[in-house]
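K.L.:
One-letter residues, chain by chain:
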Amino acid sequence: MSLTAANAGQLLSLMECGDASAVDVTQACLDRIAAHDDQIGAFIHVDAAHALAQAERVDARRTAGASLGSLAGLPVAVKDILCTHDQPTTCASRMLRDFHPPYDADTISRLRAADAVILGKTNLDEFAMGSSVENSAMQPTRNPWDITRTPGGSSGGSAAAVAAGMCPLAVGTDTGGSIRQPASFCGVVGLKPTYGRVSRYGLIAYASSLDQTGPLANDVRGAARLLQAIAGHDPRDATSVQVDVPDYTARLETPIADLRIGIPREYFSEGLSDDVAECVREAIDVLRSLGAQTVDISLPHLRYSVAAYYLIAPSEASSNLARYDGVHYGFRADTFDDMIDMYCTGRGAALGAEVKRRIMLGTYALSAGYYDAYYLKALRVRRLIRQDFDRAFEAVDVIAGPVAPTAAFKLGQFVDDPLSMYLTDIYTIGANLAGIPGVSLPAGVTTDGLPVGLQLLATPFAEETLLRAGRMLERETTWHTRRATLES
Amino acid sequence: MNRDPAASSNQPANDEWTIVIGLEVHVQLLTNSKLFCGCVNRFNPDQPNEQTCPVCLGLPGALPVMNRKAFQLSLKTALALDCQIAEFTKWDRKQYYYPDLPKAYQISQYDLPFSHDGFLDVELGDQPDQAQRIRIIRAHLEEDAGKNIHDESGRGRDSQIDLNRCGTPLLEIVSHPDIRSAAQARKYLEELKLLLTYLGVSDCNMQEGSLRCDANVNLHIPRGDEVVETPIVEIKNLNSFRGVELALEYEAQRQWREWQSTERRLGDVAKVTRGWDAERGVTFAQRGKEEASDYRYFPDPDLVPVTVSAEQIADISDTLGERPAARRRRLMSEFELNRDSARVIIDQGAEFAGYFEDVCGVCGAGPLTANWLTQDVLRVLHETKARITDFPLSADVLGELLTRIAEGQITTNSAREVFNSLIDARQQSGPASPEDIGRLIQERGLAIVSDQATIQPVIDAILAENPQAVSDFQNGKQGAVGPLIGKAMQHIKGADPKTVRQMLIDAMTG
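Quick mapping for you: the protein sequence lines, in order, are chains F and Z. With the numbering used here, the residue at position 470 of the first sequence is 455, and numbering never jumps. With the numbering used here, the residue at position 284 of the second sequence is 287, and numbering never jumps.
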């Protein structure tokens, strides 16, 4: 078995048996990156030296019989929006091109504590604003299944890295679908945890009330293992929740008896491509064949979710990104007239068009005289959407549906049409607005051979349910074992 | 005790207008750490940017977590101001760009402050029995900004930014426009400072910026049946009590002149912000940064709302202790002090008032103790720049000394001699004990001698030596007895002057 095609569990077994070292695994990943990342563009920064040094440490400790963390020797790629004290953290923005945080995000600290090997930082839409990584100021990222297409976004670099066999595990963040949609487009597992499950400390904020860090992996067990490592209460994040973290892998192989699956009628309506609808229906049928029962449900306010999201997220973004003024760190223009001009010139030059669009949207929505009509109203809609989910989960364990209306679209397809791009977030945004967990599972391919994901949603802190249901599907299908073929 | 000439402006200076003032006071709270991070909360201008971390630097990804101690101190203050406490309060972002504000927003409280609707009673020097109630609109908690330091050498060097102050817990206390004179504004601030220092929530050091004040002021001008209001002016960053008073007096005159020349009323122009130039003694128009700003307040999604239970309020109320105004009243009733003495003692702080009560507990003589504390003890404290907690004489010792006076055992002059020798000896002999009082009186022969058998020979000798004085007295010159008393006292230290005087008179008339 190729080290770069293996999943996390297989790699751990190899390392535990002594059939491969962490250095072997890390080197295989680095070789794969070296061979193919010029084409894919998954990584903004690869830290080969640090990664190999860490792998050597793990190998030495393993040889010495020392106890090791749960991710010992496993290469992990991290979306370049999580602060790392030993690597730059750019958010794929000119603004932070040279920013070196003096501290690690909580997620990074936990990865280090689990003895993971941090390979490098992956590409994203600037400040996580986008669904295609086309808003990255650094480089495009291409879908390993079809390099003319997007890997999805904003965690497209992380999803592409896993799909390209550059790492078995990657960390992404999901504000409106930014883990699940690229997972779907790249044919990998991607899970957005419950809001508050994973600390946001050191996650550079896009929309604070929606942002959540989560795992991407080439199988469900890998995602469970990675989530296990990064979840947990953090006193440095006031929105981090004090709920015990269960052992996500302990009961993974135990199918959920009588799983009740809610099928929202609003999910299978206009806008959904036939290819995707068919894959999703077939995946649900697989679960049904395992004893699951399906229940028709309704999420009546779902159709307002895109509108609500594109008021709430930009409002928070307009505030969160105001700190990039070039005074203390980040980009500052070489010449300017006065203080105000310094702000205008620096931000004008260093922030991309989509980021500016959202800052302006949010600034408008929070302005005196508009606040009630836009921001406050969006918050009310958010509450209604949460109530929709609460009501639905009274009768079902999970809600199933598509992740995105289509499989991966062509690079450039929506570049001049941001609104159409926004509308593709329709199926994923609800989970962020409601704060509930969601997962995208490889569930089929289109006639073009592009991966399609099945989305499952559950109640707060029911990540285990999602993972067990995902594993049920995985045991009956082979979608997760497909690997993209890269041109050499 | 109000000897300040400016107190004469308690009343409107004239019948032509009334000044109407509301104050916004910012108080830095005495917490160990900052409001939303673990950095030390300490005034430290000499080591700029040393007391900072990713949170108060506003670095990407850093998140605030509320300091519970700061919130409790705020609750304590609000309860002491008789404010209503909100059961539910939240944090809002006040957004504006400024280099000393690294997040480009200040975490503050907008529409749901944690407290509202309180009051502070302020006594005025020349109206001793009439306290004026100044209503408090609200008190809310927020984080302080950093400090921009501009080159004042005129050489155009870069401005510098010190973020040590950034994130310091700041309590903003907003009064109703209930204040009607510059002197009253000052009194309000003094009373507020006294309360805050009694509560131990702030050191209120205005030089270091731990208490800052903005004033909103306009004039109400009677015109026939109506009262015309002049445009409200906000005077920013008043950093001394005297400055507040002078700025308001100046501003009243300025607004009166402006009204006479422009007749502009409230609403005719946008709210104006003026600065106070203490050097020149004038207020000056500031550029219109504030007027047009829309702070785009919205709830901070990084912080969770705070709920306050009735039990919490009760627990904190139990820790309030006696507030200065109540203690002042009690000193007057329980220890028979006059208003000035009570005020001076209370103004020195809770420890000083406690010392007063302890000394009284020993000697039982309120006014006598008050005299000694406000004169002798305060003098020593001023000379040595010490606090009452460092005063070398314990309440037991001073109480013992004052007991001797109260019981007529020694004269005030003798007591002062003992007092001074104990103060002078404090370096060599360690803390004095009450027994030292008796010993010193003994050693120095300071006990009042009223035994006539001891005094009589001295009287006889003095009369013999001063025939002129005797004849003057006998010719009706009452004053001639004074110098003779003095001479007798020189001979017998501690002689009771009353007894000496009577014996002299008896001898000369006899």
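If you're looking for bench data, these hints aren't it; they were derived computationally from the structure. Heads up, a few of these hints could be off.
As the list claims (entries may be wrong) - Below, a list of computed lysine-lysine pairs in the DSS-like style, where the Cα atoms sit at most 30 Å apart: (1) Z:Lys388 - Z:Lys97; (2) F:Lys362 - Z:Lys490; (3) Z:Lys150 - Z:Lys239; (4) Z:Lys150 - F:Lys362; (5) F:Lys341 - Z:Lys97; (6) Z:Lys93 - F:Lys341; (7) F:Lys395 - F:Lys362.
Unchecked claim - Quick look at which bits of chain Z chain F covers, simulated, 3 or more residues with Cβ under 8 Å: (8) 66 to 72; (9) 477 to 488.
To be verified - Label-pair distances were calculated between CB atoms; the ranges are: (10) F:His70 - Z:Glu314: 39 to 47 Å; (11) F:Ser352 - Z:Glu282: 33 to 41 Å; (12) Z:Glu90 - F:Ser352: 29 to 37 Å; (13) Z:Thr322 - F:Cys329: 31 to 39 Å; (14) F:Arg342 - Z:Arg136: 50 to 58 Å; (15) F:Ala49 - Z:Thr322: 49 to 57 Å; (16) Z:Gly203 - F:Ser352: 37 to 45 Å; (17) Z:Leu115 - F:Ala45: 32 to 40 Å; (18) Z:Ser312 - F:Ala34: 35 to 43 Å; (19) F:Ser352 - Z:Gly270: 32 to 40 Å; (20) F:Ser352 - Z:Ser336: 34 to 42 Å.
Note that CB positions come from ideal geometry on N, CA and C, so glycine has one too.
K.L.:
Indicate, hint by hint, whether the structure satisfies it.
P.N.:
Hint check:
no. : hint                            : result
1   : Z:Lys388 - Z:Lys97              : 42 Å, violated
2   : F:Lys362 - Z:Lys490             : 94 Å, violated
3   : Z:Lys150 - Z:Lys239             : 16 Å, holds
4   : Z:Lys150 - F:Lys362             : 37 Å, violated
5   : F:Lys341 - Z:Lys97              : 20 Å, holds
6   : Z:Lys93 - F:Lys341              : 29 Å, holds
7   : F:Lys395 - F:Lys362             : 35 Å, violated
8   : 66 to 72                        : holds (count 4)
9   : 477 to 488                      : violated (count 0)
10  : F:His70 - Z:Glu314: 39 to 47 Å  : 43 Å, holds
11  : F:Ser352 - Z:Glu282: 33 to 41 Å : 40 Å, holds
12  : Z:Glu90 - F:Ser352: 29 to 37 Å  : 30 Å, holds
13  : Z:Thr322 - F:Cys329: 31 to 39 Å : 50 Å, violated
14  : F:Arg342 - Z:Arg136: 50 to 58 Å : 53 Å, holds
15  : F:Ala49 - Z:Thr322: 49 to 57 Å  : 56 Å, holds
16  : Z:Gly203 - F:Ser352: 37 to 45 Å : 42 Å, holds
17  : Z:Leu115 - F:Ala45: 32 to 40 Å  : 56 Å, violated
18  : Z:Ser312 - F:Ala34: 35 to 43 Å  : 55 Å, violated
19  : F:Ser352 - Z:Gly270: 32 to 40 Å : 23 Å, violated
20  : F:Ser352 - Z:Ser336: 34 to 42 Å : 57 Å, violated
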